[in-house]
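K.L.:
Next come the chains, spelled out residue by residue.
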Amino acid sequence: MQIATMYFKDRAQVKLNDELLQYNLKKSKGKFVGKRAEAIRELDDFEGTRTAAREIRQRVLDNLDTYLEIFEQNATARGATVLWAETPEEANRHVLDIAAKHQLKKAIKSKSMVSEESALDHAIEQAGLKVVETDLGEYILQINDYEPPSHIIAPALHKSKEEVSALFAKVHGTPPKTGIQELCGEARAVLREHYLTGDLGISGANFLIAETGSVMLVTNEGNATLCTTLPKVHVVITGIEKIVPTLEEASTLLRLLTRSATGQSITNYVDILTGIKGAGEYHGAEHMYFILVDSGRTRVLASEVREALRCIRCGACLNHCPVYQNIGGHSYGWVYPGPIGSVITPMFIGQEMAVDLPNASTLCGACGVVCPVRIPLPELLRKHREAQVKEDLRPWVERLGLKGWTWLALHPGLYGLATRIGVRLMKMMGGYEGRIHKLPLVGGWSDGRDLPAPTGKTFRELYAAKRRSA
Amino acid sequence: MSAPARPPERGAKQSPERAQPANRARDNILGRVRQALGKTGPDPTAREAALAHIATHPIGPRPALPADLRQRFLENAAKLESSVDQLARREEIPRAVARYLTGIGVPPRASGWPEFADLPWGEAGVEVAIRPTQGQDPVGLTSVFCAIAETGTVVVLAGPEAPTGTLLLPDTHIAVVDGSRIVASMEDAFVLIRKERGSLPRAVNMVSGPSRTGDIEQTIVLGAHGPFRVHLLIVG
Amino acid sequence: MKVGLLVTCLVDMMRPSIGFAAIKLLESAGCEVVVPATQTCCGQPGYNSGDRASSKLLAAKLVAEFEACDFLVAPSGSCSGMVKTHYPELFADDAAMLARVTALAARTYELTDFLLNVAKIQAVPGRFEGTVTYHDSCSGLREMGVKAQPRELLAKVPGLKLAEMTEAESCCGFGGTFSIKFGEISARMSDNKCQNIEDTHADAVVLGDLGCMLNIEGRLRRRGNETTKVLHVAQVLAGDTD
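Chains as they are written, first to last, in this note's numbering: chain A, 1 to 470; chain B, 1 to 236; chain C, 1 to 242.
Honestly, the hints are just simulated from the structure, not real lab data. A couple of the hints might just be wrong.
[To be verified] Derived lysine-lysine pairs resembling DSSO-like cross-links, with alpha carbons at most 30 Å apart:
#1 A/29 x C/147
#2 C/229 x A/438
#3 A/232 x A/27
#4 C/147 x A/403
#5 C/147 x A/27
#6 C/61 x A/177
#7 B/79 x A/383
#8 A/390 x C/61
#9 C/147 x A/31
#10 B/79 x A/26
#11 B/79 x A/27
#12 C/161 x C/229
#13 C/181 x A/457
#14 A/27 x A/15
#15 A/15 x A/177
#16 C/181 x A/466
#17 B/39 x A/390
#18 C/181 x C/24
#19 A/427 x C/24
#20 C/181 x A/438
#21 A/29 x C/181
#22 A/35 x B/39
#23 A/466 x A/9
#24 A/161 x B/79
#25 A/383 x C/61
#26 C/181 x A/15
#27 A/170 x A/27
#28 A/390 x C/181
#29 A/403 x C/2
#30 C/147 x A/35
#31 A/26 x C/147
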């Protein structure tokens, strides 16, 4: 996907002033947050389940090479082919090679974030083949000239039904529909035709199961089920970190995934696909491929933010992030928005390309508290900030300011004097109202709010005076 | 795969290794993973440990369920908008299907799995074609491997006599559930599959109510791509 | 018991009365309060901005100033959280310092938590005629577990009624240097908070951290709200609300 992370501030500002988006974000916030809170109450031991989930994911990461080999062996034993891709381009090339080998013409695709990383759809189209996104949200974005998704699990979250209606009318050449039900019906009819004619099914993976060499897919629409049932070839494209040792452990993760994502106890469809179709089977893929993609993941594994690889892409950290709630996913400028995005994006595209992302957080901690696999997201954002200081990526004013403040704070005598003078100046600036409307150097503060002025003397001088008079 | 890993060479594009790019990528990725984990090569001890771990099939925290799994299953299935009918005997299936389809005004034409061929469909006035469907049939009739009380889910295993399309393509999916095969949780379903089938079939499809989407303004609409209705007949 | 009061730099400069309110409360709970004279900043700005080296220098200074006390108490969730949850991480690779830091961290409390659960204060000196709403500051809530404590203490204040706002646990948008670097996003977050506060029609919003206090008051006034008071919980409990 095209990188726009360097324009974070500008993009965020546009989104802050986009009234429709603001309305949609507010509406969705309440639903996601409220439904999750309800759903986790169904688990008697939610915190214990989170701890178990963290251990499951961490065990895999600590032995990732081993589990990858076990997975590969078991998938191969069932007739699947396991391919490896170091880069997004290599992943795309694998898909095109597969299409050429089996003479495939039309890909039907269920949601895959990894394929967004590699802009797979564009690669397929450039090769002269057809590709259809089948997740309704993704489909809406695809027919709108590949508008980027704004949310990991609800990609078209930012669009209103009126926008969808106009889009459908334009692209399908049908009379505009007004109801959401009718819009979904129209999409159903269009997509059904594609399901029946697609010969290449492409999916992501919610989990890869090492013990069986399977992929587990989780959807409500059932589109992944269709994409993996009807076409003669099924290609799974996913990151190397998605492995889970056993089906039982996947069950634990699933309890948390659906609840954290949409507040559901389970999604309508959970599919576990293992190998190619057997003798006498009518439906199912004759050829199955796994494309295991690195493209930055081993870099994460070797870094201080390696815990981010535990992520199961539920989106809870986005839904609960007060920054995301106000600016939406597009502002972040790459595939993964929100707190998890701000942690992994710099590792995938380079720290210097995404300087704003780790800083665009108040470190309020809401993301870390909801993460079902206990990724310490605020700590990892802080690790990036440390890396930026080390790599000289912070502006000199900021560095000088911090160094100056630290030096002063290490010298209490001077500190006392400087603050005495400082608070008197600020009191004067505050005038009779007692607040400062415009601040030099830190206009970011005073553009949006006043600074209540200090009362004129510091605690340390008042306290010293009190002690003297006592 | 047993060939020793060679370091990637500069200008590899022209080298004979181009013939096996997949293996090169594999070796490089596994090499980087090992480097990140502080390992120098394949680790047989870790492999033994991982296989031993897998063999234990560890079960994590699960919500406590009441002794009456059937009751819980019924409650949860209803929450997910599956409709349910309870029958005493298998022979009652055709009439129950006819009753249901008449009730919702759907023509009594189904594609069904072979195991239902012996039932007296004609008497009930239901036409059941024993063959896979390509979507032309308004109703699909399948059995299920087992049902899960914790979530109100039915577990469908694919096979030569169990084509997956039957539960996906028709607008209405009718699933016959053996009342004695309602297990507590998903973990129990996997244990049962291992016990009775040994290995996983090509597809395990777990269905919890009709296909739905919330992608437009987070408004739930049923029948996104698959069935609009899932009707469960619990037998016995 | 000897309680060292970490005044915090923002209280020192911006609202000294909160420091005195804290002393009054601690003394009324029977504590001997000491205020190390050389204390300045806990190092949080550097820590959150990635300047670990600066942060460590200030952390070491603070530990030396407070380790002789039985307890360290701060009228701030974020400064007490810095000592309790982040100092040990800062010195993870320095065994000698880590031992000292861990020992101090174990005795570090946010003010309301300390008053209720350690000093077990029975009655508070304050009185307040009116309705307040309580904003949960992020670090206090998520790092120090401060949620019920201020509410239980406020319930002891004669005349005071509590009206909860929606999303009391949502960040107010302060976030230290975030409020300067991302002023627009920060202001929008503050605006949401202000709206939730105003919707309760409370006379005052009460909270436990100076950063949030300045941010919320600054935004309320910029919005043209001249009436809703913004008070630190120590001020209300001590009866010093003017």
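K.L.:
Checking against the hints above, which ones are violated?
P.N.:
Violated hints: 3, 4, 6, 7, 16, 18, 22, 23, 29; rest satisfied.
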